[in-house]
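Participant: The listed protein sequences derive, respectively, from chains A and B.
For the first sequence, UniProt numbering puts the final residue at 325, and the numbers step up evenly by one.
For the second sequence, UniProt numbering puts the final residue at 405, and the numbers step up evenly by one.
No wet-lab data here; the hints were simulated from the structure.
Any given hint could turn out to be false.
Computed cross-link-like contacts, PhoX-like style, restricted to lysine-lysine with a CA-CA straight-line distance of at most 25 Å [to be verified]:
(1) LYS195/B with LYS207/A
(2) LYS207/A with LYS228/A
(3) LYS306/B with LYS228/A
(4) LYS306/B with LYS277/A
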Amino acid sequence: MGKYEGDPVWDDVVPIPQDDGEGALAAIAYTDEYAEAMGYLRAVMAAKEYSPRVLDLTEHIISMNAAHYTVWLYRASTLLALNSSIPVELEWVNNVALDNQKNYQIWHHRQILIDHLYDSMSSDPAALKSLAESEVAFMTEMFNEDSKNYHVWSYRQWVVRKLDLFDKGEIECIETLLRQDVRNNSAWSHRFFVVFSNPKYCTPGSKATEYDPKIPGEILDREIEFAKAATFEAPQNQSPWNYLRGVLKKGGRKLSSLECFAGEFVKIPEVGEEDIKSSHALDFLADVWAQKGENEKADKALTLLGDKYDRIRKNYWDWRRTSLK
Amino acid sequence: MAVQELSLDVALHIKYWHRCLKNVLPTGYTSMDSSRMTLGFFILSALDLLGAGAETFPEDERANIKDWILKCQHPDGGFCGSPNHKYPDAAYVDVGHGKQTMDPANLPATYFAIMGLSFVGSLDGVRRDDCLRWIKGLQREDGSFGEFITQDGVIQGGTDMRISYAAMAIRWILKGDYDSSKEDGADIDVDQLVKYIRSGQTYDGGIGESSRHEAHAGYTYCAIASLKLANRLSKSKDSEPISGLTNVDSTIRWLVSRQTGYTTESDEEEEGDAEHAPAVKLQGIYTEEPAHEDEEFVGFNGRCNKRADTCYAFWVGAAINMLCQEKVELLDIPAIRRFLFEQTQHRIGGFGKCPGDPPDIYHSYLALAALATMKEPDLKPLDAALCVSIQQKEKIEQVRKAALV
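Only chain A is shown next, with the shape it has when bound in the complex (with noise of 0.2 Å):
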């Protein structure tokens, strides 16, 4: 007898069985207890019902199936309805996020949860800080599993625009991350957000790609000596490479302005062997020299590229070769 079936609690229902009929695609050995849970999840789900019940039994499926696509929005509504514990939800989500590294519904309940706390306490300040200080504490935590999960970064910067977090301890935080692993990508993408969309200075809706003339100088200046930092610390790293170019563009500072710093890893003498610390420093170059229009230096560096320094995009420097004249 089933974990449900068997339980005088759940007497009053009536499970809506599979149907999966002949020509099942990607049929699944699903387990009996997942079987019986979900059927009485198609039940509860049917009568709409929103009890403390339907809150074990969505706890049970996501303990078996994180990525049903609509379990998580029904005990989102049970548990506004029931007018349950928003903290005491969390705790739980915690570790379920802990334990479901790659899922994404997580999130988006996390979302909804923090939503509703936050019109409960938007009045609030110490209340609304400390509610920032936990989530940054629990991000920190998943950071230690995997510094680059991709729908924990999105989540972070929801929190940031939600709770107003563009400050010094946001960068504090990425600092941290980056001196743990200055290949952190994910981190200098936050960086660049951090930076360039604080609403304190930066123009509204002004997009990554785009010259923001509101950014104040020092805080371009600011940038791009750290960025230039690390790459003193890994030159093969293209991280930083590829924040310098949009750290100029959003200041609308030509790439020429760094041409002196890449330079540092770049030596081609007349005669004899150049040295070459950085590939993304001779790529970077050979922006420069093409839009001062020196074309002789930008093919020679692009030719290094792909007969010595980065061989297996030889194809694309090649063609970069051709785009010059």
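Given the coordinates of chain A, work out where chain B should sit on it, guided by the hints.
Facilitator: Relative to chain A, chain B alone:
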């Protein structure tokens, strides 16, 4: 390493896919229960690419598969991702409390269901107008699409490029790339969708969930393929790859940067810890140098500084294929073939995610799709935007033409 002719063992892979078709999948697939339409599509399309498609099945088998897919069609339009989301017909009947949505249809599932039907029969069981109306209802003001609509009319699910792609692919199958939004109001707002996609480009040239997020090869593919299916990737004059993206040169740079070289020796050393960066040294000290020697294998990652994974050979290869209109070859195809054949192909057939991994349906399909995009001789050539064989695409076009006459 010995130079040897690499070729696809077609019989072995057909055997793998037949097992997926006929056998019940292990309990471990339970977390994909809501995506059974997706798995079904991969199985049918993989067999098609291998030349053992549904037309070789007994007629009753095709009919049964068709019935199974149609059984997942939702009364309000669209399809559910699995029979687990579908109720007996009587449950949806309006008994005086309004129409009952129950568990709603899902947009990506609908794309895979309609594709699946195209392999095993016709599309005449698809309630076309309901489906297109339902999709229009899934579009948000910013141009993006949600995954499903709840009983109370709220658009739910993610906002990312994958969902827009599913919407555009279904629209292409059911009505082509003709934009009729200005005429009858029944079509989705293509201009708004294009605007949304164009705004998704990130500072490093790729495309993310939005321009504020980290660029990701899967989203980049979906964005480009959506434009392609809407006929909004600009026509090229000559061999120049141009497109409706904000900055196509930087997108191409970002895409080719996804090729990542490695040698198996260093891979073994890093086993279990492959994504971990070397310890950070003091500032000013060079910890590494660009590669002078040829790296043994070249795979693709989905984001900067991540490890190679089979599926990105498709997401990146197909994206480049669409941008370059097949006139220039920017990727190192022999290297990609070596990565797939020697590193992630499994001896029982199929492909795994990373070197040494067991095969799974998702990575096995995308590996075949990647090879087919690059014109692997033993596979049917692939249409990069629709992710099925060109032959299948043409079949769908004929079905559509017949239905619209």
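Participant: All hints are to be evaluated individually against the structure, with a verdict given for each.
Facilitator: Hints and how they fare:
no.: 1; hint: LYS195/B with LYS207/A; verdict: 12 Å, holds
no.: 2; hint: LYS207/A with LYS228/A; verdict: 23 Å, holds
no.: 3; hint: LYS306/B with LYS228/A; verdict: 22 Å, holds
no.: 4; hint: LYS306/B with LYS277/A; verdict: 21 Å, holds
The structure fails none of the hints (numbered hints given earlier).
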